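K.L.:
Going down the list, the protein sequences come from chains A and B. The numbering of the first sequence is our numbering, which starts it at 1 and goes up by one. The numbering of the second sequence is our numbering, which starts it at 294 and goes up by one.
It should be emphasised that the hints constitute simulated quantities derived from the structure, not laboratory data. The structure presented is a predicted model; accordingly, all values stated were derived computationally and were not measured. From the three backbone atoms N, C-alpha and C, an ideal C-beta is built for every residue, glycine too. Warning: the hint list may mix true and false statements.
A few chain A residues that face chain B, going by a derived Cβ cut-off under 7 Å, partial list only [to be verified]: (1) Ile-24; (2) Glu-25; (3) Met-32; (4) Ile-46; (5) Ala-102; (6) Val-124; (7) Gly-127; (8) Ala-223; (9) Ala-254; (10) Ala-265; (11) Ser-269; (12) Ser-280; (13) Leu-282.
No farther apart than 30 Å at their CA atoms in a straight line, the calculated lysine-lysine pairs in the DSBU-like style are these [unchecked claim]: (14) B:Lys-367 to B:Lys-519; (15) A:Lys-22 to B:Lys-367; (16) B:Lys-418 to B:Lys-519; (17) B:Lys-519 to A:Lys-22; (18) B:Lys-525 to A:Lys-22.
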Amino acid sequence: MAGNTLYGAGTGASRQYYLYRKGIEWLAWIGMLFCTGVTVFILLMILGYVLYQGASYINWEFLTALPLPAGETGGGIANALVGSAMVVVVATLMAVPIGVGAAIFVNEFPSAQLGRFVRFLAEVLTGVPSIVVGLFAYALVVRPLGSFSGLSGSVAYAFIMIPIILITAHEAFRLVPVSLREASLALGIPKWRTILWVVLPVSSRALLTGVVLAIARALGEAAPMLFTAFGNPFWNLNLKKPIATVPLLIYTYATGPYEDWHRKAWAASFVLLMVVLVTSVLTRVFLRGKSNE
Amino acid sequence: MQGEPQVTNRPLGRLLTRASGKLVHPDAQVINLGDRFFYTLTRGLAFCVIFLVILLVLDLFRGSWEAIRQFGLKFLVGTTWDPVARQFGTLPTIVGTIVKAFIALLLAVPISIGSAIFISFYTPKWLRPVISYPIELLAGIPSIIFGLWGLFVMVPVIRVLQVWLKANFGWFPLFNGPAVYGVGVLAGSAILAIMITPIIAAISRDILLTVPRTQIEGMLALGATKWEAIWKVALPYARTGLLGAVILGLGRAIGETMAVTMVGGNSFDLIHSLFDPVHSMASQIASEFAEATYSLYVSSLIYVGLVLFGITIIISLLAQLLLWRLSKGRIAILE
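Could you build the full structure based on these sequences and the hints that come with them?
P.N.:
Quick look at the structure:
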């Protein structure tokens, strides 16, 4: 008895309570492990299944040929690949100046109340459903021009990309040391040149990452394309006409009646998934250590 | 370090506003010309963002004006959606959307917060990225791919489950639906749960990692078990942020389009059981819009979009406010 007053080391009621608490601890550990296991397992299963199904169908013809008429086996998705690329490039050209410019304003002129409001708005905008963005692009571009077009798809994508670029750019600028800015200003270099020649180059890596993330996000969106880019079974390089994009093609093929279409949907998903995964892993390597803390 | 630029930058920002004052050296006028132009330019771009949002809201109102004038708020409680009779009411889809989103939360919240706790407290530091990186990765998978997987892999499984449930527990009202489809409320909720789990888990983990280690160590030093320290100190500390993460997940679940369109079973009737097929607002717009043949029809669909936008924007605002209060804007939410 003497000396040994450590909680839980005794006998009787206190010992029992100690064991009870240990049991709860053990149960909690098992429970949390189970949750993590379920999450990782389900998600990896989906990933694995798509990769497996897609890889078994994919070949050179699939990537370089045009779609054949419905019901015929063979053909590819070349037009959708090119279409997706074109729509996204134009969207990037629209979104990057606005996103980065606004981010410069938010970070470099912090005395302005407007900046904080814009940053807050950007966070809220990331929550706007993509289908609503599609409606917006429809009302803004498709209706006045009178036809579905790749251009309207670009507007929709740009709208999705702007808040992502703005937020990542702002975070990137925040990490640029003040001493660098001050050194430049002390040399008599005006503020605008300091921003363009010092702040931007220093944060270029993180900026690029943000843009790539935004592109990867946009590339996978099908909902805003439904009534903007609309899809097109033929070659089209004209952004004023309906144009095929990969995610929308997956939707059309997956919900279609043909067995061959379903296989093509898996293969197209494989391509899309590869693009998303590769960009994600690359940006991770670029910005190593960011989320390790 | 990270908070500092805001403070030390301020005098530089003020250089501009003082440009017209007498204290500035004449040469400074030359400098200020470029600076002023740059300031105006970037401010214009910042205004662009605000302008786009205003344009979005205006466009939605303008597009739906015809339906708003025709049906008013009765649109929200009407239960018939009949393009042939030109009669539109969207209560069933609103109910469908909210029910699906909440069942998804019910499934996803325990699992995702459990994983977040495991990653932030029970995993050694070197192992953390190994577990959390796949979760982050999966938050970026396009929803169309979840939809494809859901349609061809998950729906057949759910169909079997539904047939079994109906055969054995058919007396229970929630299980007494048309079990043969597979697509429906249950499938829609399940795919939504799978999609929002990585989002909630990733944000919750970031939030739980902000809990000061000293507080947990204090508990441990008092003789608490690890779980007691988490339950009584870490979770109360992170409560606001976790709620923000959950609400963010709710917003995503409500606005999610493609996957739900593919497995939700698109019907316009009010739901009575877990097996009933029903539209959600987003899937209704997605599947009908291109086929809407007259302007009132289009206008009604845009009205649905306006309602959806309103709901998600309120949820998003709420989530941002909760998360911002906790992190002072340190946690950027992108997924």
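K.L.:
So, for every hint listed, does it hold in this structure?
P.N.:
Results of checking the hints against the structure:
1. Ile-24: Because about 6 Å separates A:Ile-24 from the closest Cβ in chain B, which is inside the 7 Å limit, the hint holds.
2. Glu-25: Hint on A:Glu-25: holds, closest Cβ of chain B at ~4 Å, below 7 Å.
3. Met-32: 4 Å, holds
4. Ile-46: 5 Å, holds
5. Ala-102: At about 4 Å, which falls below the 7 Å cut-off, the nearest Cβ of chain B leaves the hint on A:Ala-102 intact, so it holds.
6. Val-124: Status holds, d = 5 Å.
7. Gly-127: It holds, given that the least Cβ distance between A:Gly-127 and chain B is near 3 Å, below 7 Å.
8. Ala-223: 4 Å, holds
9. Ala-254: For A:Ala-254, the interface hint holds, since the closest Cβ of chain B sits about 5 Å away, which is under 7 Å.
10. Ala-265: 6 Å, holds
11. Ser-269: 5 Å, holds
12. Ser-280: 6 Å, holds
13. Leu-282: Because about 12 Å separates A:Leu-282 from the closest Cβ in chain B, which is outside the 7 Å limit, the hint is violated.
14. B:Lys-367 to B:Lys-519: 54 Å, violated
15. A:Lys-22 to B:Lys-367: Judged against 30 Å, a Cα distance of about 57 Å means the pair is violated.
16. B:Lys-418 to B:Lys-519: 16 Å, holds
17. B:Lys-519 to A:Lys-22: With a Cα-Cα distance of about 10 Å, the restraint between B:Lys-519 and A:Lys-22 holds, given a limit of 30 Å.
18. B:Lys-525 to A:Lys-22: Holds. B:Lys-525 to A:Lys-22 sits at ~16 Å (cutoff 30 Å).
Hint violations for this structure: numbers 13, 14, 15, all remaining hints satisfied.
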